[in-house]
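Chains as they are written, first to last, in the numbering used here: chain A, 1 to 251; chain B, 1001 to 1310; chain C, 2001 to 2307.
Keep in mind that the hints are not guaranteed to be accurate.
Restraint-style ranges between C-beta atoms, simulated for each label pair [claimed, not checked]:
hint, chain 1, residue 1, chain 2, residue 2, range
1, C, R2241, B, G1029, 54 to 62 Å
2, C, P2273, A, G147, 54 to 62 Å
3, A, A19, C, W2159, 32 to 40 Å
4, B, W1030, C, P2273, 40 to 48 Å
5, C, A2295, B, R1153, 44 to 52 Å
6, C, P2119, A, A120, 55 to 63 Å
Hints are computed from structural coordinates only; laboratory data are not their basis. Cβ atoms here follow ideal geometry from the backbone N, Cα and C, with glycine treated the same way.
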Amino acid sequence: MVEPILRLDGLRKRFGGLAVTDGVSLEVAPGEIHAVIGPNGAGKTTLIHQVSGTLRPDAGRVVFAGQDVTALPLARRARLGLARSFQITAVLPGFTALENAALAVQARSGSSFRFLRAAATEAALNREARAALDQVGLGPRAGMPAGALSHGERRQLELAIALAMRPRLLLLDEPLAGAGPEETERLVGLLRGLRGRYAILLVEHDMGAVFALADRISVLVYGRVIATGAPAAIRADPAVRAAYLGEEEAA
Amino acid sequence: MTGALRAAALPLLVFGLLAAAPFLGLGAGWAMTLLARAMILGIAALSLWLVVGGAGLVSLGQAAMLGIGAYAVVVLDAAGVTEALVVTPVAIGAAALFALATGAVAMRTGGVSFIMITLAFGQMAFFTASSLAIYGGDDGYTLYGRSTVAGARWMQDRLAFHYLCLGLLLGSFLLCRMLLASRFGRVLRAARENALRAQAVGFEPYPYRLVAYAIAGGIAGLAGFLLANATEFVAPSFLAWQRSGDLLFMVILGGLGSPFGAVLGALAIVLLEEWLGHLTQHWRLIFGPLLVLAVLFLRGGLVGLGRRHG
Amino acid sequence: MTAQLLLVQALNGLQFGVLLFLVAAGLTLVFGVMDFINLAHGVQYMLGAYLGASLAAATGSFWLGLLLALPAALACGLALEWLVFRHLYDRDHLAQVLATFGVILFLNEAVKVIWGSAPLQVPIPDALQGGIALMPGLVYPVYRVAILAAGLATAALLWLLVERTRAGALVRAGASNRPMLAAMGVDTGRLFMLVFGCGAMLAGFAGVMAAPILSVDPGMGDTVLILAFVVIVIGGIGSVRGAFVAALLVGVIETLGRSLLPDVMRLFLAPSPARQAGAALGSMLVYIAMALILAVRPRGLFPARAG
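Only chain A is shown next, with the shape it has when bound in the complex:
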């Protein structure tokens, strides 16, 4: 088997008396879309924080590209190629779409302790930023301030920023949250285009999108992974149906 790009190894996190992450282990292979689903309160957000580096686990390891990154903060993991998108869009409203992406390019293109030249005139940064915008279909909106973009466009920009980092793993936290049906369709198309080229850890509520996109799915319930497998296997898993899908059907 190929070396996984991301390996979570027995992650545990407690808040007060509550075990929010309770021995989670999973792997993401290169080029694979691995989705994590689970009912509300399953601990998905806490898990994402631990993978991205905004929260330190109480126990267990996060191994990224063969390196133990458990003790590294968000920014260090980002520089290693771990790109995360935010559930609540966190684009820089005062920056143009292009500058949002260019910032991400800049982060991996030499030192940023450069004081003289205007960053906006650096053609190399702009070219790659533009390419990332084109990849998500935002090219025509490059000059717009991000604050003036529509909700769906900001979701696209969020993705473009992650791509501009030239990541080895995309950590997508509910990339479809709050998107309307048309926007969802466009974003799912976008994600499908990334399949096979990027390793993606996808946390998403939209079951249709998850089963359409994922190569593998892990189901998280009360902080534990109760099943991992191909979409068809997950769909058939009785424990999953009981804990999760049943709830959907009943609703």
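With chain A fixed as given, assemble chains B and C onto it according to the hints.
Chains B and C in isolation, oriented as in the chain A frame:
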């Protein structure tokens, strides 16, 4: 008018007026003194703008850096060194070092208490200056004369000093603009708008903010060097925390959006203080409430005001 | 430098620390609960001293002056809250700092206009005149012992209020997790006024108590304010317990540093440079201590806020 030209119009006008001032009936001693003071505090306000408007940190200790620059002049003067080519780098360096050391502590706390810690360190510098009896302690220190430049005494010349201050104000303004537009400044702006986003693409804000704070300290040190030379007298009151408050008022009155706001705010406040001071000895009775009203009602500052109506 | 002198200075330091606590307690709660940076908290202390001095002189009794000064200080605090501060709760720290700075400029000047620039003298009340022999050869002023006792009693009362009452529970909840208050349906406006009023009165009380032993002058609030900031930063923002420990620490360090360091330096240096270096170092000591503590514990000794 194109956007770029419109944005440059106000700075061009103000710097032009300052350049022409000595020939527009403001050549008298008191007027030149007042203008020099306004321009010097403009440089100090620009330095604070770099911290507040650029890095998004509210500091209440900028007067310490100004005062350290001024006391560098005093310490060297007492040692017999009055050459500006030596004094200026020392003033800038000392202030920048102080900013680096205190900023490193103040920023570790995650920003919330940055205001209080910068205020505390500013007060530390103030008390230290007050306790230095060899430099006059509370009473201050009178300089024998202005610094020499390459041995020449041309800073004594009123007109030459005016243009020196103007040149350094313009230079500091352009420096701030350049810094903010650079890669470094882009990281600063990103961290100000959303620190989490900056981290998520790989930038830890701390070193960038710290360097910005140190550069700002250096610029304030330069202003301190000029202020000591303008008044030929230095006292602990240069470092009083009220002056930090004044500088903060200048920055916010002008408007945080652009460094030119700091210049405009400094000019406006120095002139306002002068005018109120002529009206009554207790001018702070008017100035204080004006400050409160400006905060409550004048959001966006003077620059924003011009933009809305322009 | 004798052991007695050391002891006296340590007691002076504790007594100064207790006064600092009275000022810092209000400041830390106001900041912790309302996220409001109130630079004008120091003028509340100054107003207390001036009101106490004037009312004591007018009534001829320190105690009557104290009794009347407290509600007067409270009234001033609530008036300021109503006029200025409540319009700043939803603004950023920059706006709060500037507006309350404006209030300081105005009140410091107003005090000069009303009472003049010269320091006021307030006599120590007759009942607390004289000294008390703490041990053979060591006589300590009764009034300073009284300040220490009153400060500790107030601290205990405050602790009871914060730890044992419903309002106190809300205050603690607010300091550790502000959004929770609104979610619980608490009338935050009223809670803020309560916290604010208490803080103003505590600072005023400290001002009245300090009046007979410290000089009552315009600007006296500023020095205390900045030390109170040091206290709440060291103690951990929003933590009353932290403020108490840190206030005593700061009071002792400040007093011992200023009084003893010049003598200590004399062990290493000639008298004149020793005096210089000692004075400079003494005035820096509190801030150096703050830097050291924050280097080890960036959130202070007793961080109140979660996360």
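Hint check results:
no. : hint                          : verdict
1   : C:R2241 x B:G1029: 54 to 62 Å : 59 Å, holds
2   : C:P2273 x A:G147: 54 to 62 Å  : 59 Å, holds
3   : A:A19 x C:W2159: 32 to 40 Å   : 34 Å, holds
4   : B:W1030 x C:P2273: 40 to 48 Å : 42 Å, holds
5   : C:A2295 x B:R1153: 44 to 52 Å : 46 Å, holds
6   : C:P2119 x A:A120: 55 to 63 Å  : 58 Å, holds
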